[in-house]
Amino acid sequence: MPSTANNVWLHRFSLLTALATLALIAVGGLVTSHGVGMAVPDWPNSYGYNMFAFPFSKWVGGIFYEHSHRLIATVVGVLVVAQTRWLGGRAARLPLAIIGLGEVLGGLALLQWAPQWQGAGHFLSGIGLVVLLAAVVWVRNEPAERPLRQLGWVAFVAVQVQGLLGGLRVVLLKDEIGIFHAALAQLFLVLLCIIALLTSRWWHKVDGPALSSGLPMQLRWLVLVSSLLLFGQLILGATMRHQHAGLAIPDFPLAYGKVWPAMDPASVELYNQRRLESVSVNPITGFQIGLQMAHRVVAGLLLVAVAFGAWLSWHSLGLSCPVSKLALAWTGLILTQAGLGAATIWSGKAADIATAHVVVGALSLVVAGVMSILVCRQAALADETAGLEPATDRLLHSPFPAHTPVAGYK
Amino acid sequence: MKKTCLVSIAAVVAIAFSANLRAGDISGTVTLKGTPPPERDIDKSSDKNCGTPGSKPTTHHYVVGAGGELANVVVALKGITGQSKGDSAPPVVMDQKGCEYSPTIFAVQTGQKILVKNSDPTLHNVHVVPQAPGNNEKNQAQAPNGPDLTLAFPKAENFLKFQCDVHNWMFAWASVFDHPYFAVTGKDGKYTIKNVPDGKYTVQAFHRKAAPASSPASQEIEVKGGNVTADFTLEAK
Numbered sequence: 001m002p003s004t005a006n007n008v009w010l011h012r013f014s015l016l017t018a019l020a021t022l023a024l025i026a027v028g029g030l031v032t033s034h035g036v037g038m039a040v041p042d043w044p045n046s047y048g049y050n051m052f053a054f055p056f057s058k059w060v061g062g063i064f065y066e067h068s069h070r071l072i073a074t075v076v077g078v079l080v081v082a083q084t085r086w087l088g089g090r091a092a093r094l095p096l097a098i099i100g101l102g103e104v105l106g107g108l109a110l111l112q113w114a115p116q117w118q119g120a121g122h123f124l125s126g127i128g129l130v131v132l133l134a135a136v137v138w139v140r141n142e143p144a145e146r147p148l149r150q151l152g153w154v155a156f157v158a159v160q161v162q163g164l165l166g167g168l169r170v171v172l173l174k175d176e177i178g179i180f181h182a183a184l185a186q187l188f189l190v191l192l193c194i195i196a197l198l199t200s201r202w203w204h205k206v207d208g209p210a211l212s213s214g215l216p217m218q219l220r221w222l223v224l225v226s227s228l229l230l231f232g233q234l235i236l237g238a239t240m241r242h243q244h245a246g247l248a249i250p251d252f253p254l255a256y257g258k259v260w261p262a263m264d265p266a267s268v269e270l271y272n273q274r275r276l277e278s279v280s281v282n283p284i285t286g287f288q289i290g291l292q293m294a295h296r297v298v299a300g301l302l303l304v305a306v307a308f309g310a311w312l313s314w315h316s317l318g319l320s321c322p323v324s325k326l327a328l329a330w331t332g333l334i335l336t337q338a339g340l341g342a343a344t345i346w347s348g349k350a351a352d353i354a355t356a357h358v359v360v361g362a363l364s365l366v367v368a369g370v371m372s373i374l375v376c377r378q379a380a381l382a383d384e385t386a387g388l389e390p391a392t393d394r395l396l397h398s399p400f401p402a403h404t405p406v407a408g409y410k
Numbered sequence: 001m002k003k004t005c006l007v008s009i010a011a012v013v014a015i016a017f018s019a020n021l022r023a024g025d026i027s028g029t030v031t032l033k034g035t036p037p038p039e040r041d042i043d044k045s046s047d048k049n050c051g052t053p054g055s056k057p058t059t060h061h062y063v064v065g066a067g068g069e070l071a072n073v074v075v076a077l078k079g080i081t082g083q084s085k086g087d088s089a090p091p092v093v094m095d096q097k098g099c100e101y102s103p104t105i106f107a108v109q110t111g112q113k114i115l116v117k118n119s120d121p122t123l124h125n126v127h128v129v130p131q132a133p134g135n136n137e138k139n140q141a142q143a144p145n146g147p148d149l150t151l152a153f154p155k156a157e158n159f160l161k162f163q164c165d166v167h168n169w170m171f172a173w174a175s176v177f178d179h180p181y182f183a184v185t186g187k188d189g190k191y192t193i194k195n196v197p198d199g200k201y202t203v204q205a206f207h208r209k210a211a212p213a214s215s216p217a218s219q220e221i222e223v224k225g226g227n228v229t230a231d232f233t234l235e236a237k
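If you read the sequences in order, they're chains A and B. According to the working numbering, the first sequence is numbered sequentially starting from 1. According to the working numbering, the second sequence is numbered sequentially starting from 1.
These aren't lab readings, by the way, just hints derived from the structure by calculation. On a predicted model such as this, the values are computed, not experimentally measured, just so you know. Ideal placement from N, C-alpha and C gives every residue a C-beta, glycine not left out. There may be inaccurate statements among the hints.
As a list, the in silico DSS-like pairs of lysine-lysine whose alpha-carbon atoms are at most 25 Å apart [as the list claims (entries may be wrong)]:
1) B:K155 <-> A:K258
2) B:K237 <-> A:K258
3) A:K349 <-> B:K155
4) A:K349 <-> B:K224
5) B:K117 <-> A:K58
6) A:K174 <-> B:K161
7) A:K174 <-> B:K155
8) B:K117 <-> B:K161
Which residues of chain B face chain A? A few of them, derived with a C-beta cut under 8 Å, are [as the list claims (entries may be wrong)]:
9) C5
10) R40
11) S215
12) Q219
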């Protein structure tokens, strides 16, 4: 495997982009936890001001969280565009120029002929200018090999879709878009973390003997199924949070004092009559109670699946194997998530605890993504050892060919 | 003969006319039985322009007098439609002071204007979240001491929510009726629905917690050229 010492700055930049995205998710989590997603009615302006010129004295109440979220999102957008250009090398300049020009013209067209879409028009024009800038200025570097180059483009598209979704959720007054925005944010973080992983020295040092070829088939499937289950759990959580009805069930581990709560209309009406809300005053519904119970059940299943996977990995691969170490870390994160979930209920859905629950959920999904990549790589190495044509092999090699100096790097 | 006919006709017209004019008021008192849950504290520290330092604001889900008089109960006649005079009715004024809505519970007719004032030295957003089809969701910024916002709703709806997302504890509810026969109890628990034409009616009392829209308190009454009293007793759950 070729050395990645030449890519240390790219790796650091990718790591910075991933960390900035984690911060963005945290602040986005605070927005929803405080119920202030609509605190800034216009977009991309803020109360009529250009978002970069909104006076700090006006960042009051929920505006502070929502406006901060938009500013950090802008930073993440710029970082991702720059990363795309870096990964794509010289060859990315022309596509970026075409896309940037298209976005600027598209944005101007919306502003001219579809004033009801002016928010999207301003957004497209703005991001288009950033993309054009990335196309016309930069060093002449060689592109990364597939799949990094391709992952860079996926991130490029995803960050802009996310920006649009976030803005449209506000101007179209659609809570449902908020759920999709939250779910996509988690996947986007996983993508950026995988890019950071694939550009790391560690990835290029880890090879067959270190990973070991003795990966049980059950472990591979357990990791993949647990990862999908975890993503489903995050969607459940996002759906719950965007109901803006506070805690559908105020106690844990019981639910309204029972193992399974009554969910008939009369009982739900009684729950609503007895609860006095200070924020999130939407009445709770039987559907929301069902959502939370499903979330609790899946949490239990996840804990068992991930803990079993950690045991299986330890037992079959030993603790020195990276897969085992990650599996243990994953178990720790899921346990922490369970604790934060309980704390969210016991604290009456305190915004900081609920947001920590979102952030640890995102980190759990990142580990799930990395684990999935590792077990796929394990499978590819095992196939190679067996003399088979590994379908996943090309996906997992170093992104830079051996002995190819990369212009602009040490 | 001619004079007798004229007198008879005049008498018939007078009787018919006076029958149409016969109306009365429906009034009463709403009281609360039982002890409501404790109100929740409100934390206004996220905006120093809200509230008074040292004060400890709370929610106001139940506003109960010393004798159990319950305020903020919407009392209305059931089943009457198409009699709204909202277009010509004077506007209802809702203000934002100390980062709280005033009033928090009110009632209007369909098409009747609601003027939303901002008397606070801070930004608010006025976000209305209706549920009834035909009433559209809106979210509008309002500058400190800025111009009034004007809203109106074309469809009847109970407890249509107003909220400020900048100050996430701010809520108000408007009940929208397609007729003018409604009232909201004051702090003394009293209400009066004026000029109800003679007839038999069902009077309903709605309270967000004690008698929600899905299960209001009801009474059958009859207006016969005079005033009618209809008291309600709601129970805290």
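Quiz item: Regarding the pair K117 of chain B and K161 of chain B, is the alpha-carbon distance no greater than 25 Å?
Solution: Given that 25 Å is the threshold and the Cα spacing comes to 16 Å, the pair holds.
Exercise. Would you check the hint for K155 of chain B and K258 of chain A, treating anything up to 25 Å between C-alpha atoms as holding?
Key: Status violated; Cα separation ~40 Å.
Quiz item: Quick one, is the R40 of chain B hint okay against chain A at 8 Å, beta carbons?
Solution: Because about 4 Å separates R40 of chain B from the closest Cβ in chain A, which is inside the 8 Å limit, the hint holds.
Practice problem: Starting from K237 of chain B, check that the Cα of K258 of chain A is at most 25 Å away, please. | Solution: holds, 19 Å
Quiz item: Is it true that the CA of K349 of chain A sits at most 25 Å from the CA of K155 of chain B?
Solution: Judged against 25 Å, a Cα distance of about 35 Å means the pair is violated.
Practice problem: Decide if the proposed pair is consistent with the structure: K117 of chain B and K58 of chain A, CA atoms, cutoff 25 Å inclusive. | Solution: Status holds; Cα separation ~19 Å.
Self-check item: Satisfaction of the Q219 of chain B interface hint, Cβ to chain A closer than 8 Å
Solution: This interface hint is violated because 20 Å lies over the 8 Å limit.
Self-check item: Proposed proximity, K224 of chain B with K349 of chain A (alpha carbon, max 25 Å)
Solution: Violated, at about 54 Å.
Exercise. Sort out whether K161 of chain B lies within 25 Å of K174 of chain A, counting only the CA atoms.
Key: holds, 16 Å
Quiz prompt | Proposed interface contact between C5 of chain B and chain A, which counts if any beta carbon pair is under 8 Å | solution = Violated: closest Cβ of chain A sits about 63 Å from C5 of chain B, beyond 8 Å.
Exercise. Closer than 8 Å between Cβ atoms is the bar; does S215 of chain B clear it against chain A? Give me holds or violated.
Key: holds, 7 Å
Quiz item: Given the hint that K174 of chain A pairs with K155 of chain B, does the C-alpha gap stay at or below 25 Å?
Solution: holds, 21 Å
Going through the hint list in order, the structure does not satisfy hints 1, 3, 4, 9, 12.
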